[in-house]
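So the protein lines, in turn, are chains A and B. Just remember that this note's numbering sits 739 ahead of the position in the first sequence, which is counted from 1. Just remember that this note's numbering sits 13 ahead of the position in the second sequence, which is counted from 1.
Simulated from the structure, these hints should not be mistaken for lab results. Built from N, CA and C at the ideal position, the CB exists for glycine as well. Take the hints with a grain of salt, since some may be wrong.
Straight line, CA to CA, 30 Å or less: simulated DSS-like cross-link-like pairs of lysine-lysine [what the hints assert, rightly or not]:
| hint | chain 1 | residue 1 | chain 2 | residue 2 |
| --- | --- | --- | --- | --- |
| 1 | B | Lys227 | A | Lys1016 |
| 2 | A | Lys771 | B | Lys119 |
| 3 | A | Lys832 | A | Lys900 |
| 4 | B | Lys126 | A | Lys796 |
| 5 | B | Lys119 | B | Lys34 |
| 6 | A | Lys1016 | B | Lys221 |
| 7 | A | Lys852 | A | Lys913 |
| 8 | A | Lys1016 | B | Lys242 |
| 9 | A | Lys832 | A | Lys796 |
| 10 | A | Lys1016 | B | Lys346 |
| 11 | B | Lys242 | B | Lys221 |
| 12 | B | Lys41 | B | Lys19 |
| 13 | A | Lys913 | A | Lys854 |
| 14 | B | Lys351 | A | Lys1016 |
| 15 | B | Lys19 | B | Lys40 |
| 16 | A | Lys822 | A | Lys900 |
| 17 | B | Lys34 | B | Lys19 |
| 18 | A | Lys822 | A | Lys796 |
| 19 | A | Lys900 | A | Lys854 |
| 20 | A | Lys855 | A | Lys900 |
| 21 | B | Lys119 | A | Lys796 |
| 22 | B | Lys19 | B | Lys206 |
| 23 | B | Lys206 | B | Lys346 |
| 24 | A | Lys822 | B | Lys119 |
| 25 | A | Lys972 | B | Lys227 |
| 26 | A | Lys1016 | A | Lys972 |
| 27 | B | Lys119 | A | Lys1016 |
| 28 | A | Lys771 | A | Lys822 |
Output of the computed footprint for chain A on chain B, the stretches with three or more beta carbons under 8 Å from beta carbons of chain A [said to hold, decoys possible]:
| hint | stretch |
| --- | --- |
| 29 | 76 to 84 |
| 30 | 113 to 125 |
| 31 | 261 to 268 |
| 32 | 279 to 290 |
| 33 | 299 to 311 |
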Amino acid sequence: MGDHQENIYELRPATIMRTLPQIRDHRLFQLKLDDGGSWESFGHQPGQFIEVSIFGKGEAPISISSPPTRCDSLEICVRRAGKLTNALFALGKGSRLHIRGPYGRGFPVETLKGKKLLFVAGGLGLAPLRSLLLYVLDRRHEFDDLILMYGTNNPDNVLFKYELLSFFDREDIKYLYSVDRDEEGIWKQYVGVVTGLFDRTTLSPQDTYAVLCGPPIMYRFVVERLLRLGFPKEHIYMSLERMMKCGLGKCGHCAIGDRYCCTDGPVFNLSEIENIKEAI
Amino acid sequence: MKLLAKENVPEVLRAWSGQYKILCPAKKEQGDCIFDTFDEDTFTLDYRKPPMPPKSAVFPPSSVLFSVQQGNYTRVPSEERSLLFGIRSCDLMGLHQLKSFYLRDKEDIYVQKKMDDIVVVVHACSRPQNETCFCTTMQSGPYAEHGFDLQLFDMENDFLVEVGSDVGRTLTSLDAFTEFTEADAAERISLIKQKAFDSIPLVPDVAKAMDILKETGACDEVWERLGSKCITCGGCVYVCPTCTCFTVTDRVFAHENGERIRSWDTCLYGGFTREASGHNPRPTQGSRLKRRHEHKLLYYNEVDIQGTLSGCVGCGRCSDFCPVHIGTLEVVKAIVDKTA
Chain A
740 MGDHQENIYE LRPATIMRTL PQIRDHRLFQ LKLDDGGSWE SFGHQPGQFI
790 EVSIFGKGEA PISISSPPTR CDSLEICVRR AGKLTNALFA LGKGSRLHIR
840 GPYGRGFPVE TLKGKKLLFV AGGLGLAPLR SLLLYVLDRR HEFDDLILMY
890 GTNNPDNVLF KYELLSFFDR EDIKYLYSVD RDEEGIWKQY VGVVTGLFDR
940 TTLSPQDTYA VLCGPPIMYR FVVERLLRLG FPKEHIYMSL ERMMKCGLGK
990 CGHCAIGDRY CCTDGPVFNL SEIENIKEAI
Chain B
14 MKLLAKENVP EVLRAWSGQY KILCPAKKEQ GDCIFDTFDE DTFTLDYRKP
64 PMPPKSAVFP PSSVLFSVQQ GNYTRVPSEE RSLLFGIRSC DLMGLHQLKS
114 FYLRDKEDIY VQKKMDDIVV VVHACSRPQN ETCFCTTMQS GPYAEHGFDL
164 QLFDMENDFL VEVGSDVGRT LTSLDAFTEF TEADAAERIS LIKQKAFDSI
214 PLVPDVAKAM DILKETGACD EVWERLGSKC ITCGGCVYVC PTCTCFTVTD
264 RVFAHENGER IRSWDTCLYG GFTREASGHN PRPTQGSRLK RRHEHKLLYY
314 NEVDIQGTLS GCVGCGRCSD FCPVHIGTLE VVKAIVDKTA
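Can you make the complete structure from the sequences, with help from the hints?
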């Protein structure tokens, strides 16, 4: 094998087309490729992620928030949390960065086709789930009923607010929303943890697939509730978060038992990880 | 079979060094022996297991992934061809495990280039290197079955030389290598092998511990107790022939100029799994030790182990160097004692 061989760590230059502030410390970035490549040929699937690179700050795994049905740009919704994301927030329209990807096994789109769907998101968990949500809405006829449950800690922390509000006008998605706390008393919907929303709808566990995306604590409670309702384990999918440094199953940081979150996941079926203690 | 007089080894290495960068056993001032670039003054054949495995030759502690200029990333190719002289069969297995790990699924071009360019002369062990050797248990020694270019068997004043590849055959074209034509060559080799194998005691606790991990897992108390002893130095990882984890950092020379570096990292460090949010899926030292040992003894991949028993090759270095006695030998014993 000669030098023509592909370097799996190779980076692609990209430019920030727009930045859209979301809530405090959360921003949506729209990217375009600088090497002439299109997002269609990028070939990302809902639930996959990219490595974003800013020289001097290293790389960080960021989930893709836009679906492959919308390839004008690639959208990433980022919380300012670490070194890389802080540097990213200092960049504006027209700034250059580098990316690698798409990586990982996304949501099981083919399995979900024709099925009733229950999406449960918590906080920034909506960022990866949005790629699947918009995919389903763009190809609505390929899927059965859709329920979205979304919980945040307070009314100020709703991501993609206007997109979500528009769902109230739609007949083809049932949207349930909760906030953990509402100190100012402005919230007209459910106040309490996201599992409380299960009391506000009826589900048919045998022919519904649940897709979860949120913090680890949410998984514990939601999985328990779903199992209690009679969801088969095979019908429960979740996207796990780990320090996925390389995205290629080499660096070792994201190992979960005998799996690598970055290549075997980040989306796992409950039956795949229920016996791995450290998984959730 | 070829024969090489031990006194001719330096001459042979000198000849080979025209073509390769030779890494061989070298005596250091303090009496330690390490693998170092060939130098006739420090070269020695009187050596035991060096503290560091030859892992660095294909996966250096720190290496440049990209040179960065004006914000553009360029891969830095490696041109060096190394010849590892005198490594032990456990370390050879370590190299093959490392190679298999980095080349499976998506190939890591950096490791692949170095592996392609490396030539290996194994020195078969005729006795344990020290009391922590357990290669016979892990099926990685005391001699290599395959995957080497040359293998040397100790015969007092000479080495019996087994050729393992075409490159190896070319290496033996020097005059110092003579034909070994004795009719009983094969028999003598198998006697040497048997004697060596018998000299290294089997450690039944390893297989027992592996079974326990597979069936029920070790009780949490084992990991908690070991975790409270561990001082998080990471030494066991650094001396391990099969540890492959790395982290990536940027070395900035000027704005948009510098290098992207990959360096060894370890699952024993608290920050290894900590996410930007602050959440850490492995929050205690016990959970991190559990990870490291389960990766070696339970969660290894069939492709990676290259015919050995598990992800550990039984070199015993972690037991040699852990300042608080949490090497693999101590860990398997703890698992078996606690669960028995």
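- Could you tell me which of the hints above the structure violates, numbers in ascending order? Result: no hint breaks.
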